[in-house]
Amino acid sequence: MASWIAELKEIVGSEDVITDPEQLLVYECDGLSIHKHLPSAVVFPESAEEVANVVKVLWRHRVPFLARGAGTGLSGGAVAVEGGVILELARMNRILEIDYENQLAVVEPGVINLMLTRAVADAGYFYAPDPSSQMACTLGGNVAENAGGPHCLKYGMTVHHILGLDVVLPDGEIVTLGGHGTDAIGYDLLGLFIGSEGTFGIATKITVRLTRRPQAVKTLLADFLSVEDASRAVSAIIAAGILPSALEMMDRATIEAVEASVYAAGLPTDAAAVLLIEVDGLAASVEYDAGRIFEICRANGARQILVARDEGERARLWAGRKGAFGALGRISPDLMVQDAVIPRSKLPEVLPEIYRIAARYGLRMANVFHAGDGNLHPNICFDGRNPDEVQRVKEACREIMELCVRVGGSLTGEHGVGLDKIAYMPLVFTEDDLEAMARVRAVFDPEGLCNPGKVLPVRRCRAF
Amino acid sequence: MTTLQKANEVERALISIVGEANILCPAPEAYAIDDRRPSFVVLPETSEEVAAVLRLAHAQDLAVVPMGSGRRLSFGNLPERVDILLSTRRMNRILEYEPADLTASLEAGCPLETFNRVALPYRQWLPFDPPDADRATVGGIAAADDFGPLRHGYGRPRDAIIGLEVAQADGTRIRAGGRVVKNVTGYDLNKLFVGSFGTLGIITRVNFKLRPLPEAEATLLFLDAAWETLASGAREILQSELLPAALLLANEAAMSPLGHGQKALLVRFLETAPAVAYQVERAKALAHSLSLELIELENEASRATWEKLSRLHRLIPTDLRLRLSVLPAHTVEALHTSERALSEWLDLPYLLAQPGTGIVHIGGKLGIESEADLPQVGHSITDLRTTWATRRGQVIVEHAPPKLKRHVDVWGDVGSSLPLMQALKRAFDPKRILSPGRFVAGL
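So the sequence lines, in the order shown, correspond to chains A and B.
0 is the number of the first residue of the first sequence in numbering that gives the first Met the number 0; add one for each residue after it.
0 is the number of the first residue of the second sequence in numbering that gives the first Met the number 0; add one for each residue after it.
Hints should not be assumed to be uniformly reliable.
As the list claims (entries may be wrong) - Computed footprint of chain A on chain B; a stretch qualifies when at least three of its residues, placed anywhere within it, have a C-beta under 8 Å from a C-beta of chain A:
1) 33–43
2) 275–282
3) 344–350
4) 386–393
5) 403–410
As the list claims (entries may be wrong) - Think about it this way: if two alpha-carbon atoms lie no more than 30 Å apart in a straight line, the pair counts; the simulated DSS-like pairs of lysine-lysine are:
6) B:Lys208 <-> A:Lys153
7) B:Lys283 <-> A:Lys321
8) B:Lys430 <-> B:Lys404
9) A:Lys393 <-> A:Lys35
10) B:Lys283 <-> A:Lys153
No lab work stands behind these hints: they were computed from the structure.
We put the CB at the ideal spot given by N, CA and C, even for glycine.
Please take these sequences and the hints and turn them into a complete structure.
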């Protein structure tokens, strides 16, 4: 046993350090099962001090490490690619402070996204960023990935809702980034850290902004006989100056999968695509905007437009949408949940092309995505045991990425680069751009120990 | 080589980059930063020219300070040195504007007003209202992350910037972000450069996500003699369903250019017509229940009021301006403590506070007998800073006469993240040629 393992056991207790290969198997991948690597150990710290002490030991022994929350990430970000140590933060799950007067809360990184919203719901508040995995994903992971979700269209990403962070740097120092409710001075290290995919350090305390529940919400479901019509409706809604709180699209393959699952929401299985559209805010403007959206969908070929009559119907529609990935998972042994962004106006042009790419590679494709943001999720159902199919999945993904970048888009809207998209980075960034990013990384992590092998291509080998 | 020979050589090199017509040498008085005049003012036309100027400066070890319209040129500590003042005035084009995507890519020197005029027929806008908004360039807004009362409803410019092009200290050009509204590809270097006041690179191009222009607007003025009454009005609004775009407390001095002699709470609604109408009625009922005097301003009158407030420091004499950031619940207390702490030194100080964000702006004319009193003023500011530091608040000097800056750091203490900031400065500007000395901790 390595000497540092004993040191870790002294910090967190020997039962909270896993090194048994069978137990480690649980931690060999995140939500994207195509990338698997076994960590050398998993530790379960329970406080910022324990995190800092664990990190100090690993820093001294030059052992690579990374933090992990619920492991729901979809870019291979929480995988110990170099066989390092995983700090599993699920036990740091306390809500430390809720301050309604200043509309903020202070939480530990292991708090589950939806649990925070539940904790403040009775007071009329919620935490706005709502990834589809919000029943499981942790706020620490959300910070690491700058997570999005259906309601980001109106409310913004995680970065717009974090006020301050306490962070354990790769050498074990604890620093405060941001202002914990007030503005910070100097460089925006808070904004820089959020979305750094766990490569700059480990957040141990998070101050988040709480948002007041809107006075009214209206949820519409419009169904279309062609994906192009649905895409045009999306563009027309945005162009009309309406800012829905969510504007989601599901194609037929997704609808069929959802309706055949426990998430069945009563979606029309004969539609080519549905749009799930939500407007919220003041009752007066919600009524008004919903009316305009109704007209726009009609004008763009919507066959039928349903309005959720009550909270139950609304919840069911959302369960169908948020459960879509799970439902798709039932179809085939493996699911590649892709994530790319295009300018919204390119939807009618790009979507058909994505289907053509999948068809060319003989792959089964389902699209369910944040249409209002142009944030695509072309999901490919496949069998990871079939090497030929895996190869075709990889090639199709590359073509899709190239297509999105060609029309002015980007590689990822909310899942991150992780391990999965490093190879595509040169599609959007020059060598100089990447070099500038590497310089920033070296400022936070000069030894390259913190979540190595992610986001940027590795530039040098390390011996350990 | 003598100094004169070197100056001649630099001048020749600058002429070869931007042309003789686009160099001012010696620099006119108006381009002085604090009391220091740059040797050259250069006006490049393209980002390639900006990069070439930086390559030259890097090779010759010349200090470069970028400026947009110059309206924030006095923001910062005394410069260590200024050889070249780089104006983006000629880089004022709208490079791409896609109304259907609600995105635009603008050259740094493009005035905010120019873009908003172009976007008007498409019913879109950039919802920023920093001080002197009528003169602001988008590059300047990005470099200073400069905001006004609309921050309450729309956030900071930082939150609307989706991409940048930056010329680095050595002249290498890089791009950060992109042109899509949602993007987590790689590190978000936009955040590094936005608000870095030209100390890490020079922003040459800014990509924004735009907002739909609201259909209607109205502003309500609640008038009263006591901060507490107005603050309780603000609190009730904040805890109601109402969604003001701006919420501002203003003292008598701030209200006088608007023709009112009382303290006020200004509430700005920007929404669909039915939602504005609803909110005005609700707010009126609220004013009535608090027995507050109320004035209602619609569309043009509303806009004009906020435009005037954005120019407030030009309408009343000011040579010292501070910005406090405190927890929103401490806003009124911050008004009281700063009134107490500074009224001895500031004549006719205006106070503007956003009870929703905890931002307080103070401005006034230094009323001191002699320069011997300057250290005392510096102490007052430092004391105010110390008072608030224990309660998460901070105080920034946004504008002060150079002679006062010798007695007070304009930024204050950065805290535990300072070593990271210093390392970033070393990584991006190892020769310290970009605005040296002006930013936090003399970076």
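Status of each hint after checking the structure:
1. Against chain A, the region 33–43 of chain B contributes 0 residues with a C-beta closer than 8 Å to a partner C-beta. That does not satisfy the three-residue criterion, and the hint is violated.
2. Only residues whose C-beta sits within less than 8 Å of a C-beta in chain A count toward coverage, and the region 275–282 of chain B has 3 of them, enough to reach three; the restraint holds.
3. Beta-carbon proximity to chain A at under 8 Å applies to 0 residues in the region 344–350 of chain B; the threshold of 3 is not reached and the given coverage is violated.
4. Taking a C-beta to C-beta cut-off of 8 Å, the region 386–393 of chain B contributes 3 residues in contact with chain A, enough for the three needed, and the coverage statement holds.
5. Here's how the region 403–410 of chain B fares: 1 of its residues keep a CB closer than 8 Å to some CB of chain A, so the rule of at least three is not met and the hint is violated.
6. About 12 Å separates the Cα atoms of lysine 208 (chain B) and lysine 153 (chain A), which keeps this hinted pair within 30 Å; it holds.
7. Note on lysine 283 (chain B) and lysine 321 (chain A): the hinted pairing is violated, with a Cα-Cα distance of about 41 Å set against a maximum of 30 Å.
8. With a C-alpha separation of about 24 Å, the suggested pair lysine 430 (chain B) and lysine 404 (chain B) falls inside the 30 Å cut-off, and the hint holds.
9. At roughly 16 Å between alpha-carbon atoms, lysine 393 (chain A) and lysine 35 (chain A) fall within 30 Å of each other, so this suggested pair holds.
10. For the hint pairing lysine 283 (chain B) with lysine 153 (chain A), the CA-to-CA distance comes to about 28 Å; that is within 30 Å, so the pair holds.
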